[in-house]
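Now for the letters of each chain:
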Amino acid sequence: MNPIATLLDPKTKRRLIVGASVLVVLALAYRFLYPVFFDAYVGKTNAPLTYESSQPLTDAEFEALAQSLSEEARRLKAEAVVAEDQDAFARQVKIEMLMNTESFIRDSEPSHIKYFREAGIRQYEGPKTCLTCHATIEVDHPDGTRSTVDTLDDLVNSVHFKFQSAAGGFSTYGYDGRQVNAGPHKIPVGKIDRACGIPGSFTWTGWAALVESRPDHVEDGEVVLRSEGCGQCHIGGNYQPATEKMMPIGDVPSMAKEGIDCLICHATDYDMNQRVVIQDQYGLRWDQDRSLRAALTVAPISSETCLRCHQHNMGGDVYEHNAAAQSLGYKHQRLLHRGAKRGNPFSPEDDVHAAAGIQCTDCHRPEGHKIPRGRLGVDLVANDLPDKEVSCETCHGRAPHNSSENKALLNGHIARLACETCHIPRLEAENVVLRDWVHPTWDAEEGVWEPTDVYRSGEPGKGFTYLWFNGNGTFLANALGNNPNGTDTYDPLMRQVAHIDNPEVIAAVRAKAIELKERYPDIDVERYVQMATDPLSQLSPEMLDRRRAMIQANLRAAMNDGESRIYPFKLFNAMMYEDMSNQGPFGAMILPFDYATYYETGDTQAAVKRAIQDPIVQRMYQEPFKLYMMDEFMAYFGVSGGWKTIYPLVDGQLVNVEPHWMRQMGTLMVNHGIQGQGHDCADCHAPNGIMDFEQLGYAPERIAELQDPELLRQPPATETSETTEPSAP
Amino acid sequence: MNDRDISVRAGGWLALGLLLSALLGSVPETEASIQGRLGTDNADCLRCHRMETLAYRDPRTGDIVDLHVDSRAFGHSAHGELQCIDCHEGDFGQYPHPESALGERLDCVGCHKELHKADKRAYTFKTIDEEFALSIHATSDSPKAEGFDCHRCHDPHGFRNSEVGQPIAEIVRADNQICLSCHTKIRDPHSTAHLWLPKRDKHWTSVRCLDCHTPLTDPGQPVSHQILAGADSNFDCVNCHSKEPRLLQRLYQYRSETDLAGSGWLSKAVFNQAYVVGMSRSPLLDALGLSVIGLTLLVLIAHGWGRYRAYLRLKEDRS
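As given, the protein sequences belong to chains A and B, one line each in that order.
Residues 18 to 746 in this note's numbering are what the first sequence lists, from first letter to last.
Residues 666 to 984 in this note's numbering are what the second sequence lists, from first letter to last.
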């Protein structure tokens with residue numbers, strides 16, 4: 018029989034039709050049923066998103082707005098031109114002249130005024146409006162090639178939107194010795210699924226909260242609503258983070274993509290007062306500025322646009338030059354976090370690069386919407402471009418010191434010291450080191466219960482320390498590296514990051530513990546101080562032995578890898594509730610807090626109970642989630658035997674849940690807040706300097722050499738001249 | 666006008682700063698407080714000079730001046746047994762080193778002339794000096810060649826002669842790196858240099874620049890120090906690819922004993938004096954060829970053995 022005849026055979030025909038229909042049904046199911054099923058499974062909501070600030074304008078209103086924006090831009094430019102000129106009156110006259118100069122008007126007008134006018138756009142409706150013209154963008158790659166990508170796809174698959182990655186390229190090593198996601202079983206890791214002691218929650222459970230605060234200054238019984246949650250920075254204006262992206266199949270629903278806030282990054286003039294939590298019939302989500310005014314000011318990215326969010330994790334919320342923190346909202350004002358995550362601000366006042374007008378993207382050079390964070394990463398944050406270098410050397414080269422008499426010696430230090438080690442002499446004083454989530458403190462001014470920052474400091478040796486670092490880190494953010502002498506005496510996971518020795522810090526912690534005892538009489542002050550400053554004291558002797566053995570067997574290779582240099586690392590530890598069924602020598606699974614319950618009542622256990630009833634946390638304690646990612650997650654975490662799906666909430670009571678400090682401090686890289694004038698030689702090269710050479714693994718002879726007082730004399734021009742020939746004048 | 670404004674303003678700030686510091690009664694800490702006398706042992710010098718990134722940018726040229734001495738490489742180098750101050754005379758015993766000491770230049774030939782039996786060597790520094798005088802590095806007008814001395818190529822802290830037994834590829838790489846550290850454009854991805862060579866990249870990995878860019882020397886003589894300009898260099902393939910190739914006597918002289926040690930007498934006998942490109946220069950083909958010869962031999966022997974057995978049986982039958 019010829020093939021055509023075979024095809025026409027009724028039996029074969031039937032088979033073909035059946036096969037095709039199965040495929041069609043599967044495709045339809047994937048397209049329509051899977052998203053519904055997935056949303057139901059993880060208990061998430063998707064609904065069409067609307068924003069109040071997105072209003073249509075009439076042509077006349079548009080022109081009036083255009084004119085005011087144009088004049089504003091022109092005035093700013095004119096003021097910059099004449100800034101240095103003569104006296105105030107002369108400057109004013111010159112500004113007026115410039116304001117009416119034809120080329121000046123043409124060149125300073127925000128470009129999108131013209132585009133919108135011609136395209137008839139009179140309302141900004143989110144990504145839809147942007148994509149009208151920018152459906153695709155050209156992306157330049159470092160090898161000189163150019164590609165065209167779908168803009169929305171590019172963004173939706175970037176870390177800024179999904180804040181996790183299931184790809185390889187992590188410089189992070191599990192405590193079991195395996196590089197994260199280097200093997201065949203890849204799991205989504207990043208901020209989305211990593212509870213952390215600084216925010217005290219997951220993005221799922223802490224995305225958006227409206228907190229009823231009772232500040233002192235308002236009448237009795239009246240409440241003021243405040244906004245809180247991870248969604249204030251993480252773009253995506255939906256009711257939750259992009260959970261769909263954690264699965265190998267499926268995509269974020271298009272209505273959720275319509276909630277992406279393009280303007281917070283791309284508009285020069287964005288009203289951060291719009292960035293507050295709002296409630297609609299489906300739940301809580303973050304509002305955004307979708308005014309035509311903001312849309313018309315779209316211009317190339319600048320440091321100001323990045324810093325709307327990123328100053329929060331650098332200088333901090335209460336840093337005086339944090340511009341976004343000056344606009345907390347017209348209603349539902351955002352709560353400010355008093356302890357800073359890093360305390361290394363990027364601003365002209367406190368960073369030499371910002372002062373020189375260097376923009377974020379000059380170093381973090383984007384490829385489309387993918388922005389590199391550099392090859393060195395210690396804190397398990399997903400990285401869109403893990404191989405792309407972001408470093409001082411790119412601009413400064415190998416011999417950056419040019420003016421000092423000791424320039425060659427200073428350059429000589431680069432082989433062992435990172436630039437940041439000298440050029441970040443201190444962090445902001447608000448830099449938080451120890452945060453107790455279990456014993457909150459009442460903030461009368463804000464009218465909320467806040468986690469107690471037991472210790473804050475920006476000083477070297479207190480708020481941050483110096484560690485060898487080769488670009489690798491552990492699963493719980495501990496910098497890995499080793500003294501190039503290659504010995505095993507450098508052991509930060511048993512020493513520097515697991516122990517606070519500084520007597521001043523210990524005294525401050527004790528003072529805070531005594532203060533806390535007034536409200537929490539159960540606190541045993543001495544034990545409290547011990548647990549906070551010697552977190553290893555929480556481990557049983559067997560656990561401690563296992564920890565030592567695991568460090569030696571699993572982490573030494575990653576520590577000795579590549580070239581290590583000494584970097585400054587901000588230290589951090591938190592006391593949180595832990596699920597003790599999933600405990601290992603490096604810590605246990607920490608449990609999140611529900612922000613509203615926590616801030617309003619200070620009842621920490623109730624806040625945990627509430628948060629872990631979130632459907633996705635419940636799913637975490639079920640078999641599919643265990644197999645999909647939690648077993649692997651726990652292996653990296655150093656917990657043997659896999660993830661125990663023993664749900665810690667039974668009959669409304671927490672079971673096998675204990676408050677603990679993590680068994681070591683986390684170490685966060687600090688790279689901003691760079692000062693032109695670094696540390697002085699004597700800051701390190703003297704006994705009791707800021708650098709603990711012994712803990713850094715140096716032998717006693719070498720330490721004596723490094724701290725040799727003979728090297729550190731004041732310039733004694735006369736002393737040397739008696740014994741030397743007269744040198745050239 | 667503006668200039669004056671600025672200087673006036675700067676003067677004002679300076680005055681204010683002085684006033685403030687006077688008022689506060691404290692002088693700001695000295696910026697550079699390293700100063701002192703050191704010994705002059707190698708260990709004293711290396712205390713700083715072993716820093717891998719000890720360097721500065723010369724304000725005159727903008728180039729980076731590398732002051733690092735790799736103490737291990739130095740120990741293994743031709744000068745490994747010398748004291749630093751044997752060559753670096755001057756008052757280096759104090760830091761910062763005085764200007765007078767820094768200005769001094771080293772003179773290799775001067776030093777090597779005085780060396781014991783220096784003139785009894787087959788290849789004396791006098792010869793090198795003469796050859797170098799004709800070299801393009803000495804005769805070029807290019808500003809880049811100004812002040813060209815031995816150290817541009819021979820790092821006195823690391824240089825050692827190639828030795829018999831070193832892998833050829835390593836010798837080639839190390840040797841060419843010396844040239845390429847200045848002639849960087851040659852290896853540019855879009856470079857048109859040497860495009861006339863068939864299999865250019867292959868040549869680059871297995872032949873030293875010097876093998877073509879120096880005049881041919883007599884057998885047994887080392888490579889000349891007279892570096893030739895591109896146009897004057899050796900374009901003749903046959904100089905290497907022939908039965909009595911010069912290349913074998915120069916670059917591949919380092920090889921023979923290794924081969925002898927590594928692959929045995931047979932390999933040397935079979936390959937050594939052969940045409941550079943063949944036998945085949947492919948180890949796989951060579952092995953195949955050898956096994957064909959071996960098999961043929963085996964067949965012949967087996968055949969002879971068979972014939973002999975047949976003869977024996979015939980003899981037995983007859984008797």
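Hints were generated in silico from the structure; no laboratory data involved.
Check each hint, because a few of them may be wrong.
As the list claims (entries may be wrong) - With a straight-line Cα cutoff of 20 Å, these simulated EDC-like cross-link-like pairs (lysine to aspartate or glutamate) come out:
#1 A:K424 - B:E835
#2 A:K424 - B:E981
#3 A:K424 - B:D723
What the hints assert, rightly or not - Part of the chain B face toward chain A, derived, beta carbon under 10 Å:
#4 R712
#5 R715
#6 L719
Remember, predicted model here, so these are calculated numbers, not experimental data.
Every residue gets a Cβ at the ideal spot worked out from N, C-alpha and C, and that includes glycine.
Q: Quick one: which hint numbers does this structure break? Sort them smallest to largest.
A: Structure breaks hints 1 and 2.
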